[in-house]
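In order, the protein sequences belong to chains G and W. Going by my numbering, the first residue of the first sequence is number 1, and it counts up by one from there. Going by my numbering, the first residue of the second sequence is number 1001, and it counts up by one from there.
Fair warning: there could be bad hints in the mix.
As the list claims (entries may be wrong) - Derived coverage of chain G by chain W (criterion: at least 3 residues anywhere in the stretch with Cβ under 8 angstroms from a Cβ of chain W; other residues may be distant):
(1) 3-16
(2) 39-46
(3) 92-104
It is worth saying that the hints were derived from the structure and are not from the lab. Glycine included, every Cβ here is placed at the ideal spot set by N, Cα and C.
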Amino acid sequence: MKDDPIANVLDDLLKLDDILACMVARQNMISVMPDSDDFNPEVNKIWDIIKRAMDDVFGVIRDYSQAGLGEMEFRMQEYEVLFYVFPDTENALVAIIPAMANKGLIEVEMENTRREILKIMEEHDREPVLATA
Amino acid sequence: MVGRDAKLNIRNNSKIDASIGFSRKWDAQEAGREVAQSALKKLETPPSFFLLFSTIHYKDHGGFQEFLSAVLDVLPEGTPLIGGTIAGFINNYGCYARGATALAVSYPNMDVAVGYGIRTKRNPKKAARNCADMIRKELEKSPYKNKFLINMISAPIIPKIPFIGDVNNVKSRISGAMLTHIGMPIAHYFGTGIGKEQDVIEQLAVSLPEYYMIGGSSVDDGRMLSNYQFIGDNILTNSVTALACSTDIPVFLKAQIAVHKTEKKFKITDSTYHGYIVKKIEGKSASNYFLKEILEIPPELFYTLGPFYYKTSDYFPMTFEENNEHVLGVGSLLGNNILLSHKMAGKNVVMCTTNGNEILQAIDSLFLDNIKAFPFIFISSSTIYSFILRNKTIKIKDILDKQLGDIPYLMIQPIIENIYIPGKKPVARAYSTNALSFLMDGVR
């Protein structure tokens, strides 16, 4: 995984204090994610429920991505989950952040990450479908 | 790759050379080296001055001393340098909330000096006077008439109070009163509390009235827990640093505010702490009046709103009927009282609002009256814009790219911006965009 340029981009995003976890995923499939040991341990407590909610959101993304759906988000307990959709695909960059985080600045970097991953996808002419979980 | 350097020959055949430096490396030393090298690579002559900015992240990735030392290892010895930590920046390379950036300018017909003053939170006017004295001493013999100054001032830092912790919104009336009358007034002894930027810029304008001034408050990532100012090989806190230039080219300095007034108005009838804390509005408890009558939120509900309030309050700044140029927000609620984000500039408050489109339109109109002949543009623009625009902050870059083309530009995002145009009142405020450049031939 360390040789995967998309994983490297995600590693970079994960270094930001308020990014508790991040990945590229689609419904029922996490395509690329950094080493989960690097995720903030507090995410583990709510991972199961967040994962289920994420899959529901991915259903919406699948249905509306082609119509220009760009971003989605939901708040659950003390966390927010941000989805940055890769245009015309069912895939999205996903990040879990604290609900009280300064979302404005985080989303500036989320956008940079989305663009970097898109560039890699274009260069390699691929969708991020390396299933790791 | 375009837009990272510019060379303009002007009327006396002296060349202005400007270049943007940039790094996204995480390691402080590597980032310092890269930001300096990338800026110098495009310059044909050594820089006359170097403005250096970074986000707070290097604090935990090697430290700012490592960062600055690496920059200075690359720069020619004695290059005047100032800068500080900022929340984000936009330059020809992109739009970022993490990384380091620099503006290097080289021009022979320009004298440059740097200055600083410490303990701005305790005695802002003294700090500004010390800073101005250093600059005046260095530049008083300069033959050039056009003068400008770029400053970085330490932003507010949320104080830590024993048994209470980080002080932000405080519900208890008793704790609020204690913080109002004891906590905030003594916070500055520990280098925390409000930034007092208005006092700093006012004193700089008194001491150096002929200088056009632009600057901002160095900040972290919006948590307001720490910030750093750079000058030469020094990392300062709780200080003002400034770089001043005296040159033969006229200065261009323009500002835009991106808010509009609403119908809601109120009168501040009692305040304390030099106009930073509001005690009464229309004769009633300030916090209760503000929540109930202005925001229309039941006070008992306010403290349960959490993220909702924080994520919407940026849309509701305020200004003053007496001083429309001042725009500020609520810093925090201290029991019955309200701590303002900076000093009140009148008693008659007008609530304002803004939105993403208004912000983008304001920035779009900043350069409309000018043709593209700037050798560089340095912009100080509100961090709050990114809080509102979020990932659409990239649209600011799209506007700047369209307006400025290949001109090297650097927009820093401090938490509070300041500006002074000789003959006008100096102002520290939020929600503004302020641009500095040289007024070249052909620029209206």
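Quick rundown of the hints versus the structure:
Counting residues of the stretch 3-16 of chain G whose C-beta sits closer than 8 angstroms to any C-beta of chain W gives 3, which meets the bar of three, so the coverage hint holds. Only residues whose beta carbon comes within less than 8 angstroms of a beta carbon in chain W count, and the stretch 39-46 of chain G has 0; fewer than three means the coverage is violated. For the stretch 92-104 of chain G, the assignment as covered by chain W holds, since 5 residues bring a beta-carbon within under 8 angstroms of that chain's beta-carbons and 3 suffice.
The structure fails hint 2 only (numbered hints given earlier).
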